[in-house]
Amino acid sequence: MRLTIQGARVIDPASHFDQITDLHIAAGHIQAIGEAPEGFSPSQVIDARGLIASPGLVDLNVSLREPGYSRKGNIDSETRAAAAGGVTSLCCLPDTRPVLDTSAVAELILDRSQASGHARVLPIGALTKNLEGEHLSELVALRDAGCVAFTQGLNPMGSNRILRRALEYAATFDVPIIFTPLDPSLAEGGMAHEGPTASRLGLVGIPESAETVALARDLLLIEQTGVRAHFSGLTSARAVDMLATAQARGLPVTADVAAYQLLLCDEDLNGFSSLLHVMPPLRSAADRRALREAVQSGVVQAIASHHRPHEPEAKRVPFAASAPGISSVEILLPLALTLVGDGLLELPALLSRLTTGPAAALNLQAGQLTLGGPADLTLFNPVQACEIGRNWLSRGANCPFIGQGAPAAVTHTLCNGKLVYQAN
Amino acid sequence: MSQTPQHLQLNHQGQLRHFLTIEGLSRELLTELLDTADSFLEVGERAVKKVPLLRGKTVCNVFFENSTRTLTTFELAAKRLSADVLNLNISTSSTSKGETLYDTLQNLEAMAADMFVVRHSDSGAAHFIAEHVCPHVAVINAGDGNHAHPTQAMLDMLTIRRHRGDFENLSVAIVGDILHSRVARSNMQALKTLGCPDIRVIAPRTLLPEGIEQYGVRVFNDLRVGLRGVDVVIMLRLQRERMQSGLLPSEGEFYRLYGLTRETLALAKPDALVMHPGPINRGVEIESEVADGPQSVILKQVTYGIAVRMAVMSMAMTGQTTQRQLNQEAN
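Order-wise, the sequence lines are chains A and B.
Under full-length UniProt numbering, the first sequence is numbered contiguously, ending at residue 424.
Under full-length UniProt numbering, the second sequence is numbered contiguously, ending at residue 331.
No wet-lab data here; the hints were simulated from the structure.
Check each hint, because a few of them may be wrong.
To be verified - Covered, in the sense of this in silico footprint (three residues per stretch, anywhere, with C-beta under 8 Å from a C-beta of chain A), are these stretches of chain B: (1) 119-127; (2) 302-312.
To be verified - Incomplete in silico selection of chain B near chain A, CB under 10 Å: (3) V43; (4) A47; (5) L101; (6) Y102; (7) E131; (8) H132; (9) Q189; (10) P209; (11) E210; (12) I212.
Stated by the list, open to error - Far from chain A, by Cβ distances over 12 Å, these chain B residues were calculated: (13) G24; (14) R55; (15) E75; (16) L179; (17) R185; (18) G211; (19) Q214; (20) R228; (21) G229; (22) R240; (23) L248; (24) S250; (25) R256; (26) G283; (27) P294; (28) T321.
Here a beta-carbon is modelled for each residue, glycine too, at the ideal position from N, C-alpha and C.
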């Protein structure tokens, strides 16, 4: 298919390109920006005047729920939701059943996502067998099967010794490790940020130190082993401060935050809405301010969805008994764009936190517009407000933003030159 | 998003329709509740201890956590209001068969229950039922996790008011495990709302919740300083588990530092009231001689508890019925 996108404001943060022009696409690749190549006759033209064309978004943290949790979501439903959120490349977590700790599971996920074809899926393997923190997964075999990084998620390691060995082994083969620091004993039994709100609601608190104690250990072991490292889902002011200090010392560590952490805080838990039960928890308003500043300064270079779809029953219980997580991949772009409206970031800088920032963190070939490169594109209308939740696609409707307005709407998403999402 | 507690608890005319927490309720409403309870106290002294306010109504006491005392007083309160009463101890029945809280309550609602009295170990459970499961049934919180125990707080307020007249010039100390206590949280809110000028909490730092200042209380770590000149001492029950989780070294050390004994009580005003939500641990947080002594009103609290629960039930039933009529007229 040959496609021309006419008259969009094309923003490519990687090359600092920002102008109103045309894009010409054939055979899944970007053939030209501006003038059409000689003899190029498009079979489809998208009139994109008034729209913004950005590289397709790269989301570093998504639970696809397949295999094993089809009542919460599956590869087809969740990648379709991702396309609606402007995401063309997503890293999926190993928290499947069976856990993504063998090449067979990686291959199954890649096969199914290719069959669905809504988004590029880049699996993250389990650092240890069954995420139990005891025996290393076959990292090299998993890498060769397509895993782009490895993680324990929120599952603890059996010991600091095992963690140190795992990082050394990973460093040997230069595979990146993703950390979500949360000390299990300091967080034990907790369900909300330890602070005045949790105290008043009688919810067991998770102190900030649950994050920072684990982060301090992780930073020391990263430095010792020289492993490539990324932190996913930092939540506290002190954690981003520690990260900034480590970066300033020259440690090449990167980080993302969940988009919803930039908008919500623990005070929103008044009323006990189970939809706001997330892990790690929503922190204080001051922490949220610090996270937003870290995104602004680039200490945190990526915003991710931390998409966790659930079946209705998982949230139709009291707060404490509910499963944590928000279904949010399909509103990643609208949620992130609120930061532009709030004056925190200019549009190109915001788009870099959703494209080049995350791609560079894991060294992924994605998130930029290159001649001859894959046509992964997101088109959106920056001035057309939309109501979140109309035509919801994710199997998980556990999203506290449903029914609210968003500043902009994705109109088209192209993955490999194929139109994978088009707004009605 | 969820509704704030005040909007959920009141009907469109500002009457109580659920009783979930003290937070957000006005001084006028709490005073009305105490006045109503006062009038019901007299019912308990009659030969025929019944009024027909809830005749023909079905009250379900749904307890997901065991509690003989609270369940009994709610049962008695409902019966004195002439309601039909159903007691369900869910911890030993349907949830062990895998039925969810949502389904259990929906089934009970289908049996045309008019009121649920709910105790549950999850904070926010009563709130969840009132908002998401059975908004048309009056929901009374009989204790949810560490969050709230509003009927206990109101019976404590009734006890104080009947012995001291009002709250305007009182010093009240709450002693012990504030962190895990829904009674302490509800009491601090009730005392504040009713105008008590000096609320003190006395505990080691391990038993104090983060951000306790938000309740407008003064914090003391030393019982012998905190008790000086108070009018009321509310002791809290100390659970044995606290020793295992590293919050306290031993029962003995806690008793030495925070136990209410004849010696420490002497630091309070000479006629200071001694209260406890029960069940008491003699020799752990309170000395037997104090619990049984002349200043103790612990058994009075139990008596007043029935009147307070009658007041809460009759007011919530009225509020819920009024709301139903308002809804029908609106349709």
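Here's how the hints hold up against the structure:
Counting residues of the stretch 119-127 of chain B whose CB falls under 8 Å from any CB of chain A gives 6; the rule of at least 3 is met. Judged by the Cβ-Cβ criterion of 8 Å, the stretch 302-312 of chain B is not covered by chain A as claimed, because only 0 of its residues qualify and three are needed. Taking 10 Å as the C-beta contact cut-off toward chain A, the hint placing B/V43 at the interface is violated, the least distance being around 33 Å. Look at B/A47: its Cβ only gets to about 42 Å from chain A, farther than 10 Å, so that hint breaks.
The beta carbon of B/L101 is positioned within 10 Å of a beta carbon in chain A (closest approach about 6 Å), and the interface hint is therefore held. Because the smallest distance between the Cβ of B/Y102 and any Cβ of chain A comes to about 5 Å, under 10 Å, the interface hint for this residue holds. Annotation: interface hint on B/E131 holds; nearest CB of chain A at approximately 8 Å, less than 10 Å. With 10 Å as the threshold, the beta carbon of B/H132 comes within range of chain A, its nearest partner Cβ sitting at about 7 Å, so the hint holds.
At about 9 Å, the closest approach between the beta carbon of B/Q189 and any beta carbon in chain A falls short of 10 Å, and the interface hint on this residue holds. Interface hint at B/P209: satisfied, since its Cβ lies 4 Å from the closest Cβ of chain A, which is below the 10 Å cut-off. Because the closest C-beta pair between B/E210 and chain A is about 5 Å apart, less than 10 Å, the hint holds. Satisfaction of the interface hint for B/I212 is found here, the shortest Cβ-Cβ separation to chain A being roughly 7 Å, below the 10 Å cut-off.
The beta carbon of B/G24 is not kept farther than 12 Å from every beta carbon of chain A, the shortest such distance being approximately 10 Å. Chain A leaves B/R55 outside its interface by the beta-carbon criterion, the shortest separation being 33 Å against a cut-off of 12 Å. Non-interface status of B/E75 relative to chain A is upheld: no Cβ of that chain comes within 12 Å, the nearest being about 24 Å off. Listed as a non-interface residue, B/L179 fails to keep its Cβ farther than 12 Å from every Cβ of chain A; the least gap is roughly 8 Å.
The Cβ of B/R185 sits about 6 Å from the closest Cβ of chain A, inside the 12 Å cut-off, so the non-interface label is violated. Its beta-carbon lying about 3 Å from the closest one in chain A, B/G211 breaks the requirement of being farther than 12 Å from that chain. Not every beta carbon of chain A lies more than 12 Å from that of B/Q214, the smallest distance being close to 5 Å; the non-interface claim is violated. Taking the minimum C-beta to C-beta distance to chain A, about 26 Å, the non-interface status of B/R228 holds against the 12 Å cut.
For B/G229, the condition that its CB be more than 12 Å from all CB atoms of chain A holds, with the nearest at approximately 27 Å. With a minimum CB-CB distance of about 17 Å to chain A, B/R240 clears the 12 Å threshold, and the non-interface call stands. Residue placement check: B/L248 keeps its beta carbon more than 12 Å from all beta carbons of chain A (closest about 17 Å). Consistency note on B/S250: stated as away from chain A, and its beta-carbon is indeed over 12 Å from all of that chain's, at 22 Å minimum.
The claim that B/R256 is not at the interface with chain A holds, since no C-beta of that chain comes within 12 Å of its own (minimum 27 Å). At roughly 28 Å, the least C-beta separation between B/G283 and chain A is larger than 12 Å, which holds for a residue marked as non-interface. The claim that B/P294 is not at the interface with chain A holds, since no C-beta of that chain comes within 12 Å of its own (minimum 35 Å). Once the 12 Å rule is applied to beta carbons, B/T321 is consistent with being away from chain A; the minimum gap is 25 Å.
The structure does not agree with the numbered hints 2, 3, 4, 13, 16, 17, 18 and 19 stated previously, though it agrees with the rest.
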